[in-house]
Amino acid sequence: MSLNKLNQLYMAVVMDHASHPHHKLALPDATTSVELHNVSCGDDIRAFILMKDDKVQQVSFTGNGCTISQASASMMTDALAGLTKTEAVAGCEAFFQLVMGKQISTKAKAWLGDAEILGSVAEFPARIKCATLAWHAAQEALEGGN
Amino acid sequence: MPNKFKNLSHDFPILKRKINDEPLVYLDNAATSQTPNQVLNRIGDFYQHSNANVHRGVYTLANEATAAYEQVRNQVAAFINAPSAKSIVYTRSTTDSLNLIATSFGNLVVTQGDEILITIMEHHSNLIPWQQLAKRKHATLRYVELNADQTLDMADLKHKLTNKTKLVAITQTSNVLGVTNPIKEIAKLAHQHQAYIVVDAAQSVAHQKVDVQDLDADFLTFSGHKMLATTGIGVCYGKPELLAEMPPVQFGGEMIESVSRTNATWQAAPWKFEAGTPNIGGVIGLGAAIDYLSEIGMAEINAREQQLTAYLFPKLTAVNKLTIYGSKEASQHAGIISFNLGQLHPHDVATGLDMLGVEVRAGHHCAQPLMATLGVQATVRASLSFYNSVEDLDRFVQAIQMVKEFFAGESK
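These protein sequences, in sequence, are chains A and B. Heads up: the first sequence runs through residues 1 to 146, numbered per this note's numbering. Heads up: the second sequence runs through residues 147 to 558, numbered per this note's numbering.
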């Protein structure tokens, strides 16, 4: 019996984001925010987006979840801030491709930053929803939300 | 342990497979049970030799299929000691059965100002149909709460059960806490107040002898797939006089007596509730599952599962920082143990266990109001069946220790 394979999922950087998540707070002056639930476990994430002109000025999140969802949400806030709206939406799409084990462009990798290492989630299909929850919330917020 | 429980993997070949290069330890029996060859072969045999639609043709095959389909109704009735096969309605699932009762019977008897009494430990399938019924009828939905030891608070039940209560809906065994509620006593109390009692037996019927007449249940529901049969077949038992009053909620073939351009009349129960071609293969499999369970004997199955639970429980309570939900007594757990491991999220724990071949549920178990009452978002749940072995439980406990150590080493 061995848990060696788990190291691919719970890498130090993932554990670090999960235990000390970045931008985990509500943004009262957010342009939009969207809350989504993971129906299988009841976890919830709300993503807040503050836009200035066409730029994503600030991203944050609130909510509870497992190591993967918390780490992924934290990485998402780092990744999307500073991008244009179009880039940020494309960044979310790239992340969805990545965690399903697909190749993504060098440009998309640059947008994703730390989040690129969550490509390992593709080896754990039952956890893809945990990884994508925050990004789906962010994408919906970018596309209008309320 | 008796020999009956040795080498059951001959009957359940899935138990021989590997998960992530480890032997499978299947501990999600409360979600669905595994299906023995005897059930699969009976279904295969039916489709190979006797398949035809039921209650339609006059030819030999159709007669054979109909006889087999109706014979299982007798078997189901005998299995739960129902007074008559006509009190057994085939449905898709426990959920489907409870929706049938809430829609047909609920609409009939519940009126404005009435109260519907359920418990905080109900599965969503025995909660939302009543919540919706209460909204439709401007009735009040009330919840019986838990004792400090997370068993059902009978004093609270007695307090909330009044002459305003039209209906009590309650699970026999909780899918999260594992506790078995005193249904017979609750039925008696409900009837003293002229209330009806609906019993969700999804988690009990495969694990103990269930006798609807002894319990004096007005309705009792369960699913085939949690008792060794296949998915998509469920049972709704109802007292014959109640089923007789109830209108059908689905209309179409098979359920009618005669149809004109402007009107239609229905068959008697149970057939008026079985519109359309039913899950015939599922019914055939259900009959084989009842044969399988009966051959071992429900008392022996219950004793075996109690023994396994009693073996596992102290090993889990000995794990530092492991919190078990529900009673502190193993005997109150009916093979279902929900827990959390320190501050670890149940999904993380379950992924770790999965890497070691141990399949458990992690989540809210379709019981979000209960999770809120317990003060958690989710739990891990291990649920046993008689075909689990002591070796399975040892591997499970070892796996928990390994997962705990893994996460302890990762910056927590």
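It is possible that some hints are incorrect.
[Stated by the list, open to error] Result set (DSS-like, lysine-lysine): computed pairs, CA atoms no more than 30 Å apart in a straight line:
hint : chain 1 : residue 1 : chain 2 : residue 2
1    : B       : LYS304    : B       : LYS283
2    : A       : LYS24     : A       : LYS5
3    : B       : LYS355    : B       : LYS152
4    : B       : LYS164    : A       : LYS5
5    : B       : LYS385    : B       : LYS474
6    : A       : LYS129    : B       : LYS164
7    : B       : LYS385    : B       : LYS306
8    : A       : LYS85     : A       : LYS102
9    : B       : LYS355    : B       : LYS330
10   : A       : LYS5      : A       : LYS85
11   : A       : LYS24     : B       : LYS550
12   : B       : LYS467    : A       : LYS24
13   : B       : LYS330    : B       : LYS304
14   : B       : LYS467    : A       : LYS129
15   : B       : LYS232    : B       : LYS152
16   : B       : LYS310    : B       : LYS283
17   : A       : LYS5      : B       : LYS232
18   : A       : LYS5      : B       : LYS283
19   : B       : LYS467    : A       : LYS5
20   : B       : LYS283    : A       : LYS102
21   : B       : LYS304    : B       : LYS334
22   : B       : LYS385    : B       : LYS281
23   : A       : LYS5      : B       : LYS162
24   : A       : LYS109    : A       : LYS24
25   : A       : LYS129    : B       : LYS355
26   : B       : LYS306    : B       : LYS232
27   : A       : LYS85     : A       : LYS55
Quick caveat, the hints were computed from the structure, so don't treat them as lab data.
Compare the structure with the hints numbered earlier in the document and write down the numbers of the violated ones, lowest to highest. Checked against the structure, the hints that fail are numbers 5, 10, 15, 17, 18, 20, 25 and 26, while the rest are satisfied.
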